[in-house]
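Here the protein sequences come in this chain order: A and B.
Numbering that gives the first Met the number 0 numbers the first residue of the first sequence as 0 and each following residue consecutively.
Numbering that gives the first Met the number 0 numbers the first residue of the second sequence as 0 and each following residue consecutively.
Simulated from the structure, these hints should not be mistaken for laboratory data.
Check each hint, because a few of them may be wrong.
To be verified - Here are the simulated distance ranges between beta carbons: (1) A/Q155 / B/A5: 45 to 51 Å; (2) B/R74 / A/T180: 40 to 46 Å; (3) B/F3 / A/R169: 41 to 47 Å; (4) A/F63 / B/T73: 54 to 60 Å; (5) A/G147 / B/A5: 50 to 56 Å; (6) A/R113 / B/P58: 56 to 62 Å.
Said to hold, decoys possible - Non-contacting residues of chain A with respect to chain B, defined by C-beta distances greater than 10 Å in every case (computed): (7) R43; (8) N73; (9) F89; (10) V100; (11) R140; (12) Q154; (13) R159.
Just so it is clear, CB atoms sit at the ideal spot from N, CA and C, and this is done for glycine as well.
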Amino acid sequence: MSDSFWSLHIGEVINALILVATVAAITYGPVFALNRSASKEVERESHKRRRDLVAALMKTRRMFMHPGHIAALNLIQLEYSNSNDVMELFRSYIRHLGDVVPAPGNDQQNFLARREDIFVDLLHAMGKTIGVEIDRMEIKRLAYLPIGVATEEEQQRRARQLLLETLEGRRGFPVVQFGSTAPPNPYPPAPVD
Amino acid sequence: MNGFYAAYMTGKGGVSTLLFAIKDGVVVGVDMGGMKYDGRVEVAEPSKEWRFSVEYLIPPGVSLITGGSVATPTRVPLEFSLPANFANGQVVRIDTPLGPVNAKVERLRDFE
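Could you build the full structure based on these sequences and the hints that come with them?
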């Protein structure tokens with residue numbers, strides 16, 4: 000008995016499906032691969048930027064006034080907007096940075112210790128997002144900043160402050176004459192009581 | 000006695016230079032701070048001391064070498080004596096109503 004014109008064998012159905020699948024693969028395969036590759040690239044870039052941020056904050060974790068430190072803090076919002084843990088700690092840290100520092104003494108020490116704790120928690124959470132688990136205590140303990148660098152920064156800050164006060168007319172500029180070229184002073188010494 | 004004189008003065012608040020002239024017992028001068036001096040001088044006998052009786056006018060806002068300043072023009076009377084050889088460079092002390100002053104006086108020239 001011969002098959003009718005419209006009857007299909009199972010083999011033909013399979014061949015038709017393979018054909019459709021082949022056409023679909025030829026048509027959408029490269030697009031899908033391209034999208035996936037682009038997505039991977041975006042992820043890789045994002046990971047790299049996050050790693051750079053963590054590295055910048057690690058490098059300057061004892062230099063809170065360093066421009067690199069400040070710039071890195073300001074980029075957290077951009078790179079971690081979809082990370083609730085990091086953003087919550089970041090908000091907390093920024094709030095603390097905006098608080099008034101108490102006068103020198105125990106209150107100030109506690110205040111600064113709390114600030115450092117929040118910063119370490121933030122750094123720890125940021126590290127986790129890039130697969131780096133950094134021990135909180137070691138973040139504190141292994142931070143290295145030679146006293147000479149801190150002293151130099153403080154001296155530069157102080158010199159700038161004094162220069163500005165002088166230029167703004169709020170401070171005099173002491174002038175002392177050296178050497179033996181000074182003309183003889185005609186004035187007598189000040190009277191004593 | 001007649002002639003032009005320079006006096007270098009030091010107080011507890013700074014220094015100043017006074018240029019003054021003496022002619023026939025009249026003393027007149029001005030200093031770096033803009034203070035004007037006017038008065039008389041006579042030689043006492045037998046000590047030969049020079050007895051000055053002057054009044055000086057302090058402009059407002061000027062820093063005084065004795066320290067401080069005044070808000071309004073102020074006239075200050077002052078009487079003091081100096082030894083006969085006071086203009087030989089020695090340091091002489093003058094007690095003013097506003098505080099003590101040390102001075103070295105130099106005679107520059109006479110009127111002739």
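Hints and how they fare:
For the pair A/Q155 and B/A5, the supplied restraint of 45 to 51 Å holds, since their beta-carbon distance comes to about 48 Å. A hinted range of 40 to 46 Å holds for the C-beta pair B/R74 and A/T180, which are about 42 Å apart. In this structure, B/F3 and A/R169 meet the distance hint of 41 to 47 Å, their C-beta atoms being roughly 42 Å apart. Judged by the Cβ atoms, the range 54 to 60 Å given for A/F63 and B/T73 holds: they are separated by roughly 56 Å.
The hinted range of 50 to 56 Å is satisfied by A/G147 and B/A5, whose Cβ atoms lie roughly 55 Å apart. Distance hint for A/R113 and B/P58: a CB-CB separation of about 59 Å, consistent with the stated range 56 to 62 Å. Listed as a non-interface residue, A/R43 keeps its Cβ farther than 10 Å from every Cβ of chain B; the least gap is roughly 72 Å. The beta carbon of A/N73 sits about 50 Å from the closest Cβ of chain B, which is more than 10 Å, so the claim that it is off the interface holds.
Under the 10 Å C-beta cut-off, the non-interface status given to A/F89 relative to chain B holds; the minimum distance is some 56 Å. Look at A/V100: its CB is around 39 Å from the nearest CB on chain B, clear of 10 Å, so calling it non-interface holds up. With a least CB separation of 57 Å from chain B, A/R140 remains clear of the 10 Å interface cut-off, as annotated. For A/Q154, the condition that its CB be more than 10 Å from all CB atoms of chain B holds, with the nearest at approximately 33 Å.
Its beta-carbon lying about 31 Å from the closest one in chain B, A/R159 satisfies the requirement of being farther than 10 Å from that chain.
Consistency note: the structure conflicts with none of the earlier hints.
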